[in-house]
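Chemist: Spelled out from the first residue to the last, the chains are:
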Amino acid sequence: MHNKTIAELSQGLQQKQFSSFELTEHFLNRIQQHNDKLNAFVTVTGELALAQAKGADARIASGQSNALTGVPIAQKDIFCTQGVRTSCGSKMLDNFIAPYNATVVEHFNKTGAVMLGKLNMDEFAMGSSNETSYYGPVKNPWDLGTVPGGSSGGSAAAVASRIAPGATGTDTGGSIRQPAAFCGITGLKPTYGLVSRWGMIAFASSLDQGGPMARTAEDCALMLQTMAGFDEKDSTSVNRPVDDFSATLNNSLAGLRIGLPKEFFGEGLDPEIAKLIHQAIAEYEKLGATVKEISLPNMNLSAPAYYVVAPAECSSNLARFDGVRYGYRCENPKDLHDLYTRSRGEGFGAEVKRRILIGTYVLSAGYYDAYYLKAQKIRRLISDDFKQAFQEVDVLMGPTSPSVAFRFGEKSADPIAMYLSDIYTIALNLAGLPGMSIPVGFSKNLPVGMQIIGNYFSESHLLNVAHQYQQVTDWHHKAPAEFCDEKR
Amino acid sequence: MSLSTKEVNKIAWLGRIAIDDDKIEAYARDLSGILDFVEQMSVLDTSTVTPMAHPMDQTQRLRPDHVTEENQRGLFQANAPLVDAGLYLVPKVIE
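Chains A and B are the protein sequences, given in the same order. First residue of the first sequence? That's 10 in this note's numbering, and the numbers climb one at a time after it. First residue of the second sequence? That's 55 in this note's numbering, and the numbers climb one at a time after it.
Where hints are given, some of them may not hold.
Only some residues are given here: those of chain B computed to face chain A with a beta carbon under 7 Å [claimed, not checked]:
(1) G69
(2) R70
(3) G87
(4) I88
(5) F91
(6) V103
(7) M106
(8) F130
(9) N133
(10) A134
(11) G140
(12) Y142
Rather than coming from a laboratory, the hints here were simulated on the basis of the structure. Glycine included, C-beta positions come from ideal geometry on N, C-alpha and C.
Bound-form chain B, shown alone (with noise of 0.2 Å):
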């Protein structure tokens, strides 16, 4: 599994990273290095097996529609980069 420059380009806008121009052929590299390695799971014919998606096949548990937590704004905004007004502040998204 060979990933061109191009597809790293892609996958890097889908995960909203932004890379060098000139670290790209190096991710292009690793990442297809990793890929081949995963490859391996392909010798086995898994067709008939369900997926694990947790080690003890629990589900996720309920609990009561009932408010738990207070609000803190004030608190979880004191890391915020930028905040107005109780607000988180962004560059303009509509001009």
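Chain A with its partners taken away, still in its complex shape (with noise of 0.2 Å):
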């Protein structure tokens, strides 16, 4: 049953060949039989969803059912959860039970999906290859020795390995499509406003958007139908209907317009993950596309602009962290500025820390013109880039990340080298557009991801781009051999 796509397992739900029950049964005794190799999981909430797989299986009998109903996914620890820790990933948050549900956990505990339980991810979802959580790395299903991305390393590694047939993530500077790319699965970057923010705890206000996680790009359809839409708790969700995301996945890409950034396919970018690319490209003129090189000229000025947008983003809302109404609290304060001092200094990790002096030091007295402000520009200039390409054609393509997963400890202590692991997914968080990872082959024996940008709103024109080629091509099926015995 884990190798089925959630398309499949939504329709054999519906068919009647197994229930809820048995299916949530089967993902949980998956999760045990795998999870200490991948730390993919750091809470696993069984009997909660097996009531949730009874009340879908009873839905499902009386003909009320939505396409994920009985469906199991699993949430990453950055959504609150109702009565379920939600950590983040965080000592700070280690013992903090959310007292409410996010927007995106209410939608699909309104559709009847089953949550597995809470994923692993890099401390407040600031870094690239889950070295950062409190929790400890997640594995790459791939390799056990690489990294699996991040920050949502352990959404993709459920996936990959088959222990959850998807998973929602949060994108900030690639945080869904670079880990994809790691594990070999699809992941969408929504539109900056489309899905609730609601309830996903903060990073970079202005950047952060969740999307969903999974195999194929129909599965990514379904679950976001499910996460998309207004919600009047967030100030910054975007009031307009939403798409038919799963309609159009079908229409033909004859006539098609790709663009290839050339500044995705300079220095820094392994030769093999080029070709690859060049590859997939090939596959879509066969389909009918025409391709086309352009240039986005500010991109290389993306990566600086989010270390001081995101960090002082970041150092801003985690001010909330005090040691006083929630979260981690040192012992024996001296004082009202020991205890804030040492809550924070013990509660966060090396990585945030960093982000949140930075982001004080750039918003600090008579820095914030030369460093905010001057980010700020920048991003109007990156973005006009962008608007300027989609002029000229439909879609972008290239990398998603400059490298395929890297070993445990190799960038680790070196910010700047994790920084530039998202080279190439940080300028659409900057300029508030969608984006996809699908994988498009291996290189060393690791999955290699292909980026798909769209413009804004465009997530129904992307998922059909995506899901055409995953129509020609098998990659998005391939499983790595020591979690996957079944045949497909």
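Join the two chains, each given in its own frame, into one complex according to the hints.
Modeler: This is the structure we're talking about:
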């Protein structure tokens, strides 16, 4: 059962080939069998899942089900789940039981999906390798000595190892797309404002966006349908009708205009990855697409601008963790200042502290214009580059990451080297654009992801473009042998 | 851009983060490296560019001034490290 996609599981449930209870038990068994090796789940909610499954079976029996009713999924531990620990990968929130559900979690509950548990992640979503988690790193199911990517590493590893059919992720600078690429799955970072951020623990509020991670574009469409939509509780949620993301999956790609940003193929890109991306583009040409080189001239400044904007917003968002109202509190504080500084010093890990300090510095008196304002101006230029590109082409394609999954410890001592693994994904967050990563082959026996970038609110088109490729290739069906015994 | 250990201590104080003395130099080195990296922004003249606050230039929405949330003090304080009679307890501020 674990080799079936969400779409196939949904069909099996509707046709009563198996019950949600059986399906949920099957995945809980798989989690028990494999999670010790992977460290993908930080909390497994077995009892809750089985209770939800029983409810879903009753709904299916009464004919009141939706596509995801009874389908088990897992939540990144950044989404608040009422009555269930929501740690955000941090010692700071190790004891935090969320008093309410995130809007995204509410949406899944309403549709009758089953929650298997909460997934490991880089601390407060700050990291590209999952090595910053308080609960230890997640392992990449394709090679347990390599990182799964981050920050949604637990989500990517769980889906790739087939211990969960689908998972939620969040993407502030590439945290859905880069781990999807490293683990050989499909992930979508929606347009800023499409998916509610309410109850999603904030890192950089002008960049954060939740999205689906699954094996196929078809599955991502089903999940996004549940996740997307206006939410008055999120002041940056965009109020517009939501597309039917599955309706256009089978549209022809004849005449599709693909742009290849030359800045994505320059120095620093692994030549084997470049070759695989060009092979995937050739498939698109066979499907009727035309290809054209374009330029995003300010692309090289996206990482520097990002590492001002993201830490600045992080330092202000994480000011709420004070050791007073919730979260970690140090032992025997001698005064209030000691309570604040030691609770934060002991509760946050090294990378989170680095970013808070950088953010504090760039926002401090006298530096605001030189850093934050400058970065917001560069953000405008990057966004204008994309606007220009989308006058000429329909989608942009390029690598998701300059390398395949790297080894543990390889980049953790050098913050800048780690930051550069998101070099191709960051610009989209700065511009607020949607993007996907889909598997397009293997290099050094590790998965390679291709990024597809679309204009604002073009998710249904992106999913269509990804789905058509997945109809003529089978990279998305490859599974790591160690975790996949059953033939498809 | 090179930050001194004194500057790191000042930033840490502003950000209310305690850093062990033996780690200050490592932070100074890492933070200086990051500031050097972001310094690349200065190659571009942006004097005529309008800063971008929202990808779709959307402004904050207003809602009618009605009460929408009820008081859930007990529920929220269940997560607090130390409370008494509905109040959060902290070390004494005024002697």
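Chemist: Are the hints correct? Go through all of them and say.
Modeler: Structure-based check of each hint:
no.: 1; hint: G69; in the structure: holds, 4 Å
no.: 2; hint: R70; in the structure: holds, 4 Å
no.: 3; hint: G87; in the structure: holds, 6 Å
no.: 4; hint: I88; in the structure: holds, 6 Å
no.: 5; hint: F91; in the structure: holds, 5 Å
no.: 6; hint: V103; in the structure: holds, 4 Å
no.: 7; hint: M106; in the structure: holds, 4 Å
no.: 8; hint: F130; in the structure: holds, 6 Å
no.: 9; hint: N133; in the structure: holds, 4 Å
no.: 10; hint: A134; in the structure: holds, 6 Å
no.: 11; hint: G140; in the structure: violated, 13 Å
no.: 12; hint: Y142; in the structure: holds, 5 Å
The earlier numbered hint that this structure contradicts is number 11, and it is the only one.
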